[in-house]
Amino acid sequence: MTYPEIYRSIIPFYAVMVSLIAALLIMLSSRHANLREFWTLAASIVKFSLVFLLLPGALAGRIAEYTFWEISPGIALALKADQFGIFFALIASGLWILTSIYSIGYVRGLKEHKQTRYFASFAVCLSATIGIAFAANLLTFVLFYEILTIATYPLVIHKETKIAVSAGRKYLVYTLTAGVLLIAATAWTYRIAGTLDFRAGGLFGDASFSPAAITVLFLLFLGGVGVKAAVMPLHSWLPAAMAAPTPVSALLHAVAVVKSGVFGVVRVVGFVFGPTLMRQFDLNIFLATVAGATIILASLLAFRQDNLKFRLAYSTVGHLSYIVLGAALLSPASLVGGLLHIANHATMKITLFFCAGAIYVRHHKEKISELDGIGRAMPWTMGAFTVAAIGLAGIPPVNGFISKWQLGLGSLQAGEMLPLAVLVLSGLLNAGYFAPIISRAFFKTPTVPYEHGEASYAMVIPLLVTALLSILLGLYPDLFFHFYRLAVEVSGGILGGIGR
Amino acid sequence: MIQNSPALVPLLLLATAIAIPVLAIKKTGVAYLVAVAAAIGSVAISAYNMFRVWKGGPLTYHFGGWMPPIGIEYVLDSLSAFVALVVNVVAFIVLCHAGGLKGSDISGKSVPYYSLVLLFLCGANGIVMTGDLFNLYVFLEIFSLAGYGLIGIGEKQAPVASFRYLIMGTVGASFYLLGIGFLYIVTGSLNMADVRDILPHIHGNPAVAAALSLIVIGVGIKMAIFPLQGWLPDAYTYAPSTSSALVAPIGTKIAAYVLIRIMFFVFGVKFVSQSLPITDLIAWLSAIGIIYGSVMAIAQNEMKRMLAYSSIAQIGYIGLGIGLANPLGYIGAVLHILNHAFMKGALFLVAANIRKNSGHSDISKLDASYRKKLPWSMAAFTLAALSMIGLPPTAGFFSKWYLALGAIDKGNWVFLAVILISSLLNAVYFFRILEKVYLVPPPAQKAGEDLPAETKNREGSLIGEEKYSLMIPAVVLSFSLLLLGLLNANIVKGIIQRIIPLGM
Amino acid sequence: MTDFILGHYAYWAIIFLLILGLYGMIFKNNLVKKLIGMTILQVAIIMFYVASAVKWSATVPVLDPLAGAADAAKYISPLQHCLMLTAIVVGVATSGVAFSLAIAIYRRYKTLNESILLERMKSS
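Chains as they are written, first to last, in the working numbering: chain A, 979 to 1478; chain B, 21 to 524; chain C, 877 to 1000.
If we strip away everything but chain A, and leave its shape as in the complex, we get:
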């Protein structure tokens, strides 16, 4: 690996702004549904293209950076599209295209109210997510992190029912508290390190700490990013947030928001503290313990949920901690596995949520116990569901296997057997809570025959694409987006301390 070359480019800024401008256009064209949806689609495609434009450079070690101005003396508002940022931005913006198509089918299928607010908030969320991905320093990260918090709120309470409102409150309590902890941690970091710029391998340099201080600082950070990463015991907002419409759960509560959380965890572990400090103060062991416990507990809790979306939510909680575990183990393969799981879990979980949404729109069913024989009415949807479920259980050839394999390899590299056991056990549990759904759907006869078949094309095609993507990424992890190469580069950067 060579030292990356930094060049100034405005593309990261455009990538952030596209959907913000789209949000404005969406609000202005609230009376013309087709025009409004056109803006959403156009913005998502433009955004993805912009991010994709940055990819070849990043693979060649050329990193785009854009600095606006100082936002506080000594700290600039700056975007930097490093490999890790591009990795995350590619996933979020790519899946946004599919989610946009799906959303249109969903809200029209259900004749949802306040669609303008829905699409506008969605666009703002995506801006914030890309901002998080490209943030060059902690303060910029915090800024977009908080924007994401606020922009997601209208989506959580979208249904405006009592449940939705109380879910919204819960969401705010958790995320605003997290934001406050993150701000405290950021301020403290700035006073210690004198800089907030992310640097692979840690930004503290030679600053000296007392063990107590660094533990508290780490806990503050973990509280800050851990809430969005849904690390137990900070997870309970996520199931509650399932009150949101399904596309929101699909993109935000399986990809953008929660992945911003784990993205933050990796940033904190790899780019703020760095492997040396983590190991020196045993913070990695603490983090791995929390993540391992979350994986097992969340999988067990998933069994108890009869509501399909809730089961998926708990499954998400568990899988997010795979990524955290990968970061905590700090071995080359575990980092690669964790990072790949950001992408892989995204494609699989979004498929599952898309399926849940399709079932709800077409048949108004939310509970697993009502899904007897639905596989016959919706063969494509449930087929996609099965593919994704297999992947989450870690069975080849779906992409979940790749990340799990790397994680297992990583725990061996780290010389730890316990994480390996956790992974195996969790794979079994995953299989355990997905199997009943699939067997019900395909092998039980429905009590009442289904009146409808598949949902509209706008919904079925995206979910088939994501399922196909899951398989393709399982067979060729480096396909199109070079996720694998990016992950290897990032992992090498963190562990080798090479790069900036």
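Treat the hints with caution; some may be incorrect.
[Stated by the list, open to error] For lysine-lysine, the following DSSO-like pairs were computed, each having C-alpha atoms within a straight-line distance of at most 30 Å:
hint, chain 1, residue 1, chain 2, residue 2
1, A, Lys1148, B, Lys456
2, A, Lys1148, B, Lys176
3, B, Lys385, A, Lys1137
[Said to hold, decoys possible] If we take Cβ atoms under 7 Å as the criterion, some of the chain A residues that face chain B in the derived model are:
hint, residue
4, Leu1154
5, Arg1169
6, Gly1172
If you are wondering where the hints come from, they were derived from the structure by calculation, not from laboratory data. Remember, predicted model here, so these are calculated numbers, not experimental data. Backbone N, C-alpha and C fix where the C-beta goes; we use that ideal spot for every residue, glycine too.
Could you slot chains B and C onto chain A? The hints should help.
Chains B and C alone, transformed into the frame defined by chain A:
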């Protein structure tokens, strides 16, 4: 003329304040126009002053040509020019809004009202610019008396609230006067710069300590530092909407400015933080005040009262920044003077719009029809509320950011915790309103019946936002919070950091 | 000790007046009595300033043909007196505003007694 620009603002305001009753004998509408013209003039002159200071450093003006320490001196450094500009801009925007209200709260008293507004501003500008301790007292009293009038001009319980404020305020002013009496006896001078130079020679003198304590208590009452905040909630609640919107952003900030000026620039940082650690006391009291104000704000059911308690908490931020007595805390405090003036101004203007529309500002009666009728006002409210909570990139975040850095610098984790916890408490009482305004359906829809006629009537009872003069000021104030937030580093580096008190 | 007490008799009187004024402002129930307390407080401060300007065997700071203008030691310090002229004006203005507020209160609630006032405010 141009060289005399420091003295021009108070004189202009004083002259127009006196002229208004004369000019408006025949047509009362003239009063408003004259007041707005005067406000525009003072904004322009203070902007020009700010520019001059920014370009060429501090300006002084000697009244009657008498040299200090004998004569009265006006000093415009970047701190005073900055605060003066903030005060004048906010006052100008609020005045524009007052015209749209058409004196609904102050029926028949609009001429004295505008006269009082200008007196109030004259006092504020005088306080900020003067370099003389006794002159400051005189302006403080002009400012306060006009403030009592602005509050007492309202309906119902306003005179009672104003009377209480007057009693407390006079005690405060008397303490201040007593304090500078002590200071004069031991130094023989009233000129701030002169006193600052003399004081280090007599630091052991108990009269200096007594003077400092009396001045801090006196100014503390005007500033409503906990536990001297008793007068504030009633005064802000019962005052006419437009008066609250003027007094709340400016009143306590001016007192905060006086505290900064006298503690750090007259007594000196070393004296107030080490010889007589009064800054620690202020910091702790402010911290308690932050929590107290936020908790009390949650308990209120009336929007203006809630905002009043929230003001106590926000004053606490400024007090905390002063009490930290380090550069970052100082930056946080001065920046928060600006930010809070804009935030509170916007919030009180929206409260005024709600009152104008529905005749009340009861939080429990708010519902989604208010958002439909007042979309822009509510957008302004939302943005200002997010800034109060302290979410980036709004301005409110950055004052908290500097305060947090200051608290960490001082190594005081309690203060850090207080700053952060209060953000969450702010979120509680602002989201309570936002939830209602955006989510609770109006009663007609709540029953599940589809009665378009009735809904129409209900919505008809709200006048709506056809008036630009009511909407634009609130929107301007709150949207500038975004700008102030994103560009805060320029303000900090270009203005505030230029005049960090010596010894910090 | 006795010297200290007797030598500062003016200040003791001023302290007494200050406390009296504060007591009246805070503990009296009648609004007008509060204002009387306020005036006493202000007068006490005025006297404090004036007392601080006192010089034995010197005259008031008005040009006296017998003493002449040259010898400043023959006059007591004029500055405090000037300041207090201003303070008196401020005090008068404060009283004026205060009394007009009291009148407004009386017109609205027909009482100046604070406890009765509180009841009437609640009921209205």
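task: Would you pick out the hints that fail for this structure and give their numbers low to high?
output: Failing hints, ascending: 2, 6.
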